[in-house]
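Let's have the full structure, built from the sequences with the hints guiding it.
Counting in my numbering, the sequence shown tops out at residue 133, every number present.
Hint data in this document are derived by calculation from the structure and do not stem from the laboratory. Treat the hints loosely; a few may be bogus.
Ranges of calculated distance between the beta carbons of each label pair, as one might list FRET restraints [claimed, not checked]: (1) Y117 to K45: 33 to 39 Å; (2) L47 to R120: 53 to 59 Å; (3) Q123 to A66: 32 to 38 Å; (4) R40 to K126: 33 to 39 Å; (5) G31 to Q123: 20 to 26 Å; (6) E100 to M127: 39 to 45 Å; (7) F111 to A66: 18 to 24 Å; (8) E61 to R120: 34 to 40 Å; (9) K45 to K132: 35 to 41 Å.
Using N, Cα and C, we set each Cβ at its ideal position, and we do this for glycine too.
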Amino acid sequence: MKHRIPVVVLVAFLICLSQVGIAQSQAKSDGMILLTVFLRHDQAKNLAEINNQLLKNGYYEKFPPAGMEVVSWYVMMGIGQVITLRLPAERLREVNVALEETAWGPYRTDFYPTYDYKQRAEQQRKMMLEKKR
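Right, here's the structure in full:
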């Protein structure tokens, strides 16, 4: 029992250090955010109709707005497209307006603020597996 207190203190200290490291890496993002956009296709329209409406609306010229990084762009069968963008927080409105002007009709839109959890999840998994031993 005498040795347990220092081990608990050491584990708590390591957890605090990992949280500080994560906070520092997020602070280095310089105001950049991740935004995941769901473009849910109108299933009453076929693909040609959707693409023609997007072309007519100027979607291909306006989305994504210039200077925004496309982190991922997937098709989710039965749903539509799922796009994750990295952008400065102050440009969030531009994404919204671009999609309101060009994607509404062919798509219904959903927006989700997103963050990168991979490193933290790996750290937590490692810590929990070590705790189990």
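To see whether the hints hold, each was checked on the structure:
About 35 Å separates the C-beta atoms of Y117 and K45, a value consistent with the hinted range of 33 to 39 Å. Our hint of 53 to 59 Å for L47 and R120 is violated, since their Cβ atoms are close to 38 Å apart. The beta-carbon spacing between Q123 and A66, approximately 36 Å, falls within the hinted interval of 32 to 38 Å. Between R40 and K126 the beta carbon distance is about 37 Å. The supplied range of 33 to 39 Å therefore holds.
Between G31 and Q123 the C-beta distance comes to about 25 Å, which sits within the given range of 20 to 26 Å. A C-beta distance of roughly 43 Å is found between E100 and M127, which places it inside the suggested range of 39 to 45 Å. For F111 paired with A66, a C-beta distance near 19 Å keeps the hint of 18 to 24 Å intact. At roughly 37 Å, the beta carbons of E61 and R120 sit within the given window of 34 to 40 Å.
Range check, K45 to K132: Cβ separation about 51 Å, and the 35 to 41 Å hint is violated.
Hint check: violations occur at hints 2 and 9; the rest are consistent with the structure.
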